[in-house]
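Student: Keeping their order, the protein sequence lines are chains A and B.
The first sequence begins at 41 in my numbering and counts up one residue at a time.
The second sequence begins at 215 in my numbering and counts up one residue at a time.
Hints listed in this document are in silico derivations from the structure and should not be mistaken for laboratory results.
Here the structure is a predicted model, which is why all the values come from computation and not from measurement.
Hints are not guaranteed to be accurate.
Distance condition first, Cα-Cα at most 30 angstroms in a straight line; then the derived BS3-like pairs of lysine-lysine [claimed, not checked]:
1. A:Lys52 with A:Lys73
2. B:Lys462 with A:Lys231
3. B:Lys419 with A:Lys267
4. B:Lys444 with A:Lys236
5. B:Lys459 with A:Lys220
6. B:Lys412 with A:Lys257
7. B:Lys412 with A:Lys220
8. A:Lys257 with B:Lys392
9. B:Lys419 with A:Lys231
10. B:Lys444 with B:Lys330
11. A:Lys257 with B:Lys416
12. B:Lys330 with A:Lys231
13. B:Lys462 with A:Lys236
14. B:Lys419 with A:Lys257
15. B:Lys416 with A:Lys267
16. B:Lys400 with A:Lys220
17. A:Lys257 with A:Lys52
As a plain string of letters, each chain reads:
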Amino acid sequence: MSIINNEVPNNKILLKRITVDPNDKEQIENFNKNFITNHVFNQKVEIILPIKKGANEEVEEDNNNESDKKSQQKPKAKGSLLSQASSSYLLVEGEFTSLFQEQSITPLPSSSNNKSLDGINTKQLYYQIETTLDLLLSHEFIDKYIKNGGFYAISQLNFIDSGNVVAFLPNSKIILNVDKETYQELGLLGKSSVFKNLQRYIITLDMTSKEYQRGSKSYTRLIWSLKDRLSSINLICFYQKLNSTQLQSIDFPQGVKVLPSYNQPTQEILNLRLPTLNIINENLNINNSNNDIKMIYNDFINEWVEVLGFASLGINLNQVKDFEIGNSLLSQCPIATKCLKATQKGLVSNSFILELIEKIKLMLSKGLIEYGVLNIYGFADTPISWNSIEHNFLYGGENDQSLLILPNNKFISSNLIGTYDYYC
Amino acid sequence: MKKIIKKNNNYDNNKVKKTQTTKTGELSYEEIQKINSELSDRNKNDKLIASKEKCDVIGKSFGFIEPSIRKDIVDENIDKPFVLLSYGGTSKEIKRERKERLRLEKLKTKKLGSKKKRELSFFSISSENCIYDQYLPLHQLWTQYIQDVMQQQKGPALVNKILKADLHGAIVIVTKSKCPTFVGQKGIIVQETENTFKIITKENKLNIIPKEQCQFYLECCNQVVTIFGKHFCFRACDRANKKFKPRKNIEL
Numbered sequence: 041m042s043i044i045n046n047e048v049p050n051n052k053i054l055l056k057r058i059t060v061d062p063n064d065k066e067q068i069e070n071f072n073k074n075f076i077t078n079h080v081f082n083q084k085v086e087i088i089l090p091i092k093k094g095a096n097e098e099v100e101e102d103n104n105n106e107s108d109k110k111s112q113q114k115p116k117a118k119g120s121l122l123s124q125a126s127s128s129y130l131l132v133e134g135e136f137t138s139l140f141q142e143q144s145i146t147p148l149p150s151s152s153n154n155k156s157l158d159g160i161n162t163k164q165l166y167y168q169i170e171t172t173l174d175l176l177l178s179h180e181f182i183d184k185y186i187k188n189g190g191f192y193a194i195s196q197l198n199f200i201d202s203g204n205v206v207a208f209l210p211n212s213k214i215i216l217n218v219d220k221e222t223y224q225e226l227g228l229l230g231k232s233s234v235f236k237n238l239q240r241y242i243i244t245l246d247m248t249s250k251e252y253q254r255g256s257k258s259y260t261r262l263i264w265s266l267k268d269r270l271s272s273i274n275l276i277c278f279y280q281k282l283n284s285t286q287l288q289s290i291d292f293p294q295g296v297k298v299l300p301s302y303n304q305p306t307q308e309i310l311n312l313r314l315p316t317l318n319i320i321n322e323n324l325n326i327n328n329s330n331n332d333i334k335m336i337y338n339d340f341i342n343e344w345v346e347v348l349g350f351a352s353l354g355i356n357l358n359q360v361k362d363f364e365i366g367n368s369l370l371s372q373c374p375i376a377t378k379c380l381k382a383t384q385k386g387l388v389s390n391s392f393i394l395e396l397i398e399k400i401k402l403m404l405s406k407g408l409i410e411y412g413v414l415n416i417y418g419f420a421d422t423p424i425s426w427n428s429i430e431h432n433f434l435y436g437g438e439n440d441q442s443l444l445i446l447p448n449n450k451f452i453s454s455n456l457i458g459t460y461d462y463y464c
Numbered sequence: 215m216k217k218i219i220k221k222n223n224n225y226d227n228n229k230v231k232k233t234q235t236t237k238t239g240e241l242s243y244e245e246i247q248k249i250n251s252e253l254s255d256r257n258k259n260d261k262l263i264a265s266k267e268k269c270d271v272i273g274k275s276f277g278f279i280e281p282s283i284r285k286d287i288v289d290e291n292i293d294k295p296f297v298l299l300s301y302g303g304t305s306k307e308i309k310r311e312r313k314e315r316l317r318l319e320k321l322k323t324k325k326l327g328s329k330k331k332r333e334l335s336f337f338s339i340s341s342e343n344c345i346y347d348q349y350l351p352l353h354q355l356w357t358q359y360i361q362d363v364m365q366q367q368k369g370p371a372l373v374n375k376i377l378k379a380d381l382h383g384a385i386v387i388v389t390k391s392k393c394p395t396f397v398g399q400k401g402i403i404v405q406e407t408e409n410t411f412k413i414i415t416k417e418n419k420l421n422i423i424p425k426e427q428c429q430f431y432l433e434c435c436n437q438v439v440t441i442f443g444k445h446f447c448f449r450a451c452d453r454a455n456k457k458f459k460p461r462k463n464i465e466l
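Required output: the full structure, derived from the provided sequences and hints.
Tutor: Here is the structure:
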């Protein structure tokens with residue numbers, strides 16, 4: 041295998057260490073607010089869970105790998121003899137099958153009837169829409185979905201550096217990141233962008249404010265400016281009431297082309313070379329009070345991100361090529377361990393990620409997993425990445441996050457951020 | 215001394231006339247007739263007396279003036295500057311002098327400047343007169359005028375005509391501008407200055423729109439014209455003689 045070493049000098053990697061008490065509710069809420077619910081739109085979520093080796097398992101793996109492969113293919117058919125040995129990864133796999141189950145495409149209940157979506161795994165559903173914006177800003181739609189909060193939508197097939205981008209936030213705000221020429225024709229007030237001054241403009245519309253009440257002057261101007269002047273836009277969206285986990289169906293107004301679709305899940309078990317928990321703790325818990333600690337951290341982060349990259353792509357490297365790569369973390373762990381890797385593609389809600397974290401915590405407390413890794417990928421063409429701060433594109437628009445969940449309620453978050461982005 | 219003498223003579227003559235006029239104004243009609251017959255006799259005598267007085271004055275002024283006064287009269291005439299009859303206006307000095315004279319005359323004459331006109335609210339239209347319906351006949355006049363000017367021309371010939379045409383009374387829409395609140399404003403042009411249009415909208419409001427930051431939409435003779443305001447910043451009178459060059463950059 042040949043490896044291309046992509047060096048992107050304009051990106052930044054940030055590291056944060058947190059400890060959260062499971063009994064304190066305030067700390068948990070703050071953690072959720074600062075690290076997960078701030079990031080509004082998630083493109084892809086990935087889990088990598090290295091499974092702990094039992095005492096019996098190690099002997100079997102060394103002796104005959106073939107029996108393990110058979111056990112992967114038909115784990116439930118095997119008898120009670122192997123159940124003790126392979127119990128750990130079977131339990132782990134069984135926990136996550138409900139979340140990462142492949143959904144058979146069934147006809148949805150018609151949009152006119154307000155039926156609850158029972159029987160369908162509603163955590164994986166979202167809508168693809170093709171509309172003009174004035175239809176979504178009609179009074180009936182605003183009162184029903186946007187004003188109460190919880191309507192997520194983001195535009196697709198338009199690029200943020202050369203086109204116009206829209207996003208509907210759950211706090212009933214609408215953000216238009218608009219080109220210079222369209223801003224001059226549109227006739228709506230906005231601010232010039234921070235990164236590309238006088239080339240791009242940002243318009244924010246707060247639908248809860250008094251300006252956009254029924255029959256007001258500014259509302260009629262808004263619809264006049266959006267009605268026949270802008271072309272139709274492709275959006276993906278879902279509706280989720282605040283403080284609830286289930287998604288709900290949407291009645292779109294007439295003239296909107298709707299195509300409901302599902303997230304694409306995958307789940308597999310791989311043999312990957314990942315560093316053990318002891319190696320990570322050695323790198324993190326250094327008692328020296330020198331100034332070299334920062335250097336050691338920097339080295340650790342860069343190497344850790346490399347190892348995660350190999351793991352997420354599913355590459356199992358030979359020990360021969362370790363010398364070429366020059367990664368000290370990889371060279372410390374020669375033996376491959378069993379891992380569960382699962383992904384969700386599409387438009388993933390934040391409540392789904394919170395569920396995943398709770399399940400990983402359960403696994404850790406039972407002692408089935410060494411540690412858990414959770415990767416979250418954001419859209420490159422969002423007008424907003426974290427915490428309602430502007431986002432833009434230069435060489436790459438990454439806004440990704442990887443959470444390392446360790447036992448004893450320790451968290452380490454490392455963010456990969458483009459140059460035209462902030463994180464706070 | 216000579217002037218004083220002359221004035222004294224005039225003063226005596228005036229007195230005589232005044233006394234006659236005052237008398238006639240107070241009397242009745244029958245008495246006036248009687249007096250007139252008497253005056254006709256008296257005037258004959260008066261004329262004789264006046265002629266004698268004139269003769270005395272003339273005699274004094276020419277013939278029998280005292281020698282001390284005569285010297286003064288002669289000296290005055292000698293001290294007068296020499297008057298040259300001009301021989302055509304070709305020399306440079308004369309032209310220069312004439313220019314200076316005109317310039318000084320202009321400075322002396324008092325004209326109202328544009329600043330003072332603004333202070334007196336010479337250009338402004340009062341809010342009582344800002345009514346859309348009152349300006350519709352102005353628009354009808356403009357349509358007649360522009361049909362005479364255009365004469366069913368198309369293409370580049372139309373552009374050259376419309377650049378020099380007058381736009382007072384045309385209906386204009388703003389399609390593009392740097393400031394988004396100007397977009398979509400529609401109305402009749404009432405006044406055109408070097409950098410602005412003044413427009414009356416259908417809501418009876420007078421709005422001032424800068425030319426430099428806007429693009430305008432205009433219809434004339436079933437044809438659509440867009441005006442790029444950045445290259446249109448001239449007075450209406452200056453535009454008639456201006457040569458317009460083709461531009462590559464249309465950006466605001």
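Student: What's the verdict on A:Lys257 and B:Lys392, does the C-alpha distance respect the 30 angstroms limit or exceed it?
Tutor: Holds, at roughly 22 angstroms.
Student: Tell me if the straight-line CA distance from B:Lys419 to A:Lys267 falls inside 30 angstroms.
Tutor: Cα-Cα ~26 angstroms, so holds.
Student: B:Lys444 and A:Lys236 were given as a pair; does the straight-line alpha-carbon distance stay at or below 30 angstroms?
Tutor: Between B:Lys444 and A:Lys236 the Cα gap is close to 24 angstroms, so the pair holds against 30 angstroms.
Student: A:Lys52 and A:Lys73 were given as a pair; does the straight-line alpha-carbon distance stay at or below 30 angstroms?
Tutor: holds (22 angstroms)
Student: Measure nothing beyond the straight line between the CA atoms of B:Lys444 and B:Lys330; if it is 30 angstroms or shorter, mark the hint as holding.
Tutor: holds (28 angstroms)
Student: Verify the proposed pairing of B:Lys462 with A:Lys231, using a straight-line Cα cut of 30 angstroms.
Tutor: holds (29 angstroms)
Student: Holds or violated: B:Lys459 and A:Lys220, Cα atoms, limit 30 angstroms.
Tutor: holds (27 angstroms)
Student: Given the hint that A:Lys257 pairs with B:Lys416, test it: the Cα-Cα distance must not exceed 30 angstroms.
Tutor: OK: A:Lys257 and B:Lys416 at ~16 angstroms, within 30 angstroms.
Student: Going straight from one Cα to the other, do B:Lys462 and A:Lys236 come out at no more than 30 angstroms?
Tutor: holds (25 angstroms)
Student: Next pair to validate is B:Lys419 with A:Lys257; report whether the Cα-Cα distance is within 30 angstroms.
Tutor: holds (16 angstroms)
Student: Assess, step by step, whether the Cα of B:Lys412 is no farther than 30 angstroms from the Cα of A:Lys220, and give holds or violated.
Tutor: holds (27 angstroms)
Student: With the threshold set at 30 angstroms, check whether the alpha-carbon distance from B:Lys400 to A:Lys220 stays at or below it.
Tutor: holds (23 angstroms)
Violation of the numbered hints given earlier is confined to hints 12 and 17; the remaining hints are satisfied by the structure.
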